[in-house]
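J.: Chain residues, written in single-letter form:
Protein chains: 2
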Amino acid sequence: MKRITFWLAATAFFAGVVGFTASARHVAEEDQEIFVKQIPPGYRDWKLVSVAHEEGELKDIRAILGNDIAIAAYREGKLPFPEGAIIGRIAWRHVPSDENNKVFGRAQSFVAGEAPPWYLQFMVKDSKKYAATGGWGYAQFDKEGKPGPESDLKKCFPCHQAITDRDFVFTRYSP
Amino acid sequence: MKRITFWLAATAFFAGVVGFTASARHVAEEDQEIFVKQIPPGYRDWKLVSVAHEEGELKDIRAILGNDIAIAAYREGKLPFPEGAIIGRIAWRHVPSDENNKVFGRAQSFVAGEAPPWYLQFMVKDSKKYAATGGWGYAQFDKEGKPGPESDLKKCFPCHQAITDRDFVFTRYSP
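Protein chains in written order, with the working numbering: chain A, 1 to 175; chain B, 1 to 175.
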């Protein structure tokens, strides 16, 4: 009886291993998909999450927007972000405003200038499709709407994964 | 006959002067109203016009939002702005992000921090009500929603009136 039980258990175990391996292979195939290839429609009408300014090589000023799912999650403090959440960032050159400075009588004002090389970036939440990169697919587009090369996009998650306590999202909501 | 014509003309002229003076006095009374006393409801859900960064005494990073009337006018290049247009700006302290800089390995990232003393500002288009200040009423509020003193608000239009070719609005729309 003991022997029969052992074989039954062993068979179930190996069946499980085979099943797991097949499933892992399936996930591994899906994992290839870590990039978003289309600009999410209507993004320019989305609500504001926050703003930021990058110096260094970027020298841009940026707005971070969210679709309704992302904004609701931000406002409710819901983590991880729900499926379908999309966070977008639009960047512009950080340029001094001669017009403003002249009126104010001081050199203090910087505004949004031209689009930089990578004008738009998005994170799209789909836990299955983008399982390999924390459930987020990444994308960037130039001002003509051309997507960035995969070699660049592979650099997204290695940085984002540092933000473990906010579901890999850098930007906090600014009330 | 010439004399009668003269008197008729003179009477008409003086009647006109009296009418104009009365009308000017009426406008002058309305002109007192140059301030907006309430935070426009729902402003945090408005669409983005642009972003900016002020150094000097302000040291803030800001988002400029517009209600639907303002956004439509901006996108269509419609000037002057139609009645009911409202433009709002939210400011936050321009602060370095230690979290971002640590991940990027460079000190380059600035984000939105706490609310500065004058957290919110608005321009509300009502050509009759705010005739004395270019058709725009001005407002600012602290983070508790307390409106700014009239002495401060009197300083708005003297600067805004420099922007004659864009209906007294500093911020341009960033696509």
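Hint data in this document are derived by calculation from the structure and do not stem from the laboratory. As the structure is a computational prediction, the values presented were derived from the model and not from experiment. One should not assume that every hint holds.
Once the Cα atoms are required to be at most 20 Å apart in a straight line, the calculated EDC-like pairs of lysine to aspartate or glutamate come out as [claimed, not checked]:
(1) A:128 to A:167
(2) A:102 to B:165
(3) B:47 to A:45
(4) B:102 to A:45
(5) A:47 to B:68
(6) A:59 to B:99
(7) B:59 to B:152
(8) B:37 to B:114
(9) B:37 to B:165
(10) A:59 to B:98
(11) A:102 to B:144
(12) A:102 to B:99
(13) B:102 to A:167
To give a feel for the contact side, a few chain B residues facing chain A, derived at Cβ under 10 Å [stated by the list, open to error]:
(14) 39
(15) 56
(16) 97
(17) 102
(18) 146
(19) 162
(20) 174
Glycine included, C-beta positions come from ideal geometry on N, C-alpha and C.
J.: Can the restraint linking residue 59 of chain A and residue 99 of chain B be considered satisfied, given a maximum Cα separation of 20 Å?
T.: holds, 18 Å
J.: Check the hint pairing residue 37 of chain B with residue 165 of chain B against an upper bound of 20 Å on the C-alpha distance.
T.: Not OK: residue 37 of chain B and residue 165 of chain B at ~27 Å, beyond 20 Å, violated.
J.: Could you grab the alpha-carbon distance between residue 47 of chain B and residue 45 of chain A and see if it respects the 20 Å cut-off?
T.: holds, 6 Å
J.: Between residue 102 of chain A and residue 144 of chain B, does the CA-CA distance stay at or below 20 Å?
T.: violated, 32 Å
J.: Using 10 Å as the Cβ threshold, decide whether residue 97 of chain B counts as touching chain A.
T.: With a minimum Cβ separation of about 8 Å from chain A (threshold 10 Å), the hint on residue 97 of chain B holds.
J.: Residue 56 of chain B was flagged as interface toward chain A. Is the shortest Cβ-Cβ separation under 10 Å?
T.: Nearest chain A Cβ about 3 Å off; hint holds.
J.: Sort out whether residue 45 of chain A lies within 20 Å of residue 102 of chain B, counting only the CA atoms.
T.: Status violated; Cα separation ~32 Å.
J.: Given the hint that residue 102 of chain B pairs with residue 167 of chain A, test it: the Cα-Cα distance must not exceed 20 Å.
T.: OK: residue 102 of chain B and residue 167 of chain A at ~18 Å, within 20 Å.
J.: Is the interface hint for residue 39 of chain B satisfied, with its Cβ closer than 10 Å to some Cβ of chain A?
T.: violated, 13 Å
J.: If you draw a straight line from the CA of residue 128 of chain A to the CA of residue 167 of chain A, is it 20 Å or shorter?
T.: holds, 15 Å
J.: Given the hinted pair residue 59 of chain A and residue 98 of chain B, is their alpha-carbon gap at most 20 Å?
T.: Answer holds: residue 59 of chain A to residue 98 of chain B is near 17 Å, not above 20 Å.
J.: Holds or violated: is there a CB of chain A closer than 10 Å to the CB of residue 162 of chain B?
T.: holds, 5 Å
Hint compliance for this structure: hints 4, 8, 9, 11, 12, 14, 18 are broken, all remaining hints hold.
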